[in-house]
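J.: Sequence:
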Amino acid sequence: MADVHLNIAGRSYDVHCADGQEEQLRQLAAMVDEKARSMTGSTEVRQLLFAALMLADEASEARGKVEKAGPESDSLRAAVALAESRAAAAQDELKAAQLREKRALHDAKVAAQREESALAELEKLRQGAPVAPPAPAGRHDRALMQIADRIEALASTVEQMA
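Residue numbers (our numbering): 97 to 258.
Hints in this document: simulated from the structure, not taken from any laboratory. Keep in mind that the hints are not guaranteed to be accurate.
List time: in silico DSBU-like cross-link candidates among lysine-lysine, alpha-carbon distance up to 30 angstroms [said to hold, decoys possible]: (1) 198 - 220; (2) 205 - 191; (3) 131 - 164; (4) 161 - 131.
Construct the entire structure; sequences and hints are all you get.
T.: As structure tokens, this is what we get:
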């Protein structure tokens, strides 16, 4: 326990308090002393009584303001939570859009490579060079090979007719 010496309304008081609370107690005593000294022409007891009443009134007003601000604080917290939720959803949507764009770019590159390959193959055919079809990949390999064979047979027939 700590001992603190206080002066309030011209009188000295020795008070015990918990260790570490000395400065807080001095500040509170200074508030009471200020209120008590503002009451001139009264006895010491009346000064302290009115100081206590005035401080209690200020504390009551402060509590009322806090209670009134409570719902506003709750609505502000809710608005912040909603804004954070919307921001997170927007970030998720942005990431999804970026992923879709990345996929679309990849698909466009693959399509461009296929087109380039097809154009090169077409040019070889125009020049009369035999072109070996690329080995098809995937689960329909046999059907694709049969179609490629038929196309080659038709191309040979067209060449013989010309």
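J.: State for each hint whether it applies.
T.: Cross-check of the supplied hints:
no., hint, verdict
1, 198 - 220, "violated (33 angstroms)"
2, 205 - 191, "holds (21 angstroms)"
3, 131 - 164, "holds (27 angstroms)"
4, 161 - 131, "holds (22 angstroms)"
When each numbered hint is compared with the structure, a violation occurs for hint 1 only.
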